[in-house]
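Undergrad: Sequence:
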Amino acid sequence: MEKARESISATNEELGDMPVADNRIIKFLNSRNWYELEELGVADKIETILQVKKVLTKKILNVQLEEKCENMELIVNRFFNKIQPLIKKVSPLYLS
Numbered sequence: 003m004e005k006a007r008e009s010i011s012a013t014n015e016e017l018g019d020m021p022v023a024d025n026r027i028i029k030f031l032n033s034r035n036w037y038e039l040e041e042l043g044v045a046d047k048i049e050t051i052l053q054v055k056k057v058l059t060k061k062i063l064n065v066q067l068e069e070k071c072e073n074m075e076l077i078v079n080r081f082f083n084k085i086q087p088l089i090k091k092v093s094p095l096y097l098s
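For the sequence shown, the numbering used here begins at 3 and goes up steadily by one.
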């Protein structure tokens with residue numbers, strides 16, 4: 003679980019935390035003509051929009067992965083809480 007959390011954290015840091023800005027960037031690019039985009043240094047509007055969408059999709063998938071990890075951790079913790087009394091009963095038998 004710890005490795006998964008580290009990976010999720012690293013991806014979050016890499017992507018930043020601005021999904022609203024990503025949507026604004028897409029709207030901005032779609033609202034400009036190619037002359038305006040050329041002045042801004044955007045050579046390929048479609049490729050730039052696709053890259054922004056990839057980042058947005060990766061952010062969404064990362065959030066979903068984070069939620070799945072939290073749910074799995076809850077399930078594992080519940081399991082260990084239920085089995086703990088059994089472990090306590092059995093462990094003295096193996097220690098003697």
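Read the hints as simulated data drawn from the structure, not as lab findings. Predicted, not measured: the structure shown is a model, and the values here were computed from it. Any given hint might turn out to be false.
[Said to hold, decoys possible] Keeping only pairs whose Cα atoms sit at most 27 Å apart, straight-line, the calculated DSSO-like set for lysine-lysine is:
#, residue 1, residue 2
1, Lys-29, Lys-5
2, Lys-91, Lys-5
3, Lys-60, Lys-84
4, Lys-60, Lys-29
5, Lys-5, Lys-47
6, Lys-29, Lys-90
7, Lys-70, Lys-5
8, Lys-70, Lys-91
Undergrad: Decide, hint by hint, whether the structure agrees.
TA: Hint by hint, here is what the structure shows:
{"no.": "1", "hint": "Lys-29 with Lys-5", "verdict": "violated, 36 Å"}
{"no.": "2", "hint": "Lys-91 with Lys-5", "verdict": "violated, 32 Å"}
{"no.": "3", "hint": "Lys-60 with Lys-84", "verdict": "violated, 36 Å"}
{"no.": "4", "hint": "Lys-60 with Lys-29", "verdict": "holds, 19 Å"}
{"no.": "5", "hint": "Lys-5 with Lys-47", "verdict": "violated, 37 Å"}
{"no.": "6", "hint": "Lys-29 with Lys-90", "verdict": "violated, 60 Å"}
{"no.": "7", "hint": "Lys-70 with Lys-5", "verdict": "holds, 14 Å"}
{"no.": "8", "hint": "Lys-70 with Lys-91", "verdict": "violated, 32 Å"}
In summary, the structure is inconsistent with hints 1, 2, 3, 5, 6 and 8 from the numbered list given earlier, while agreeing with the others.
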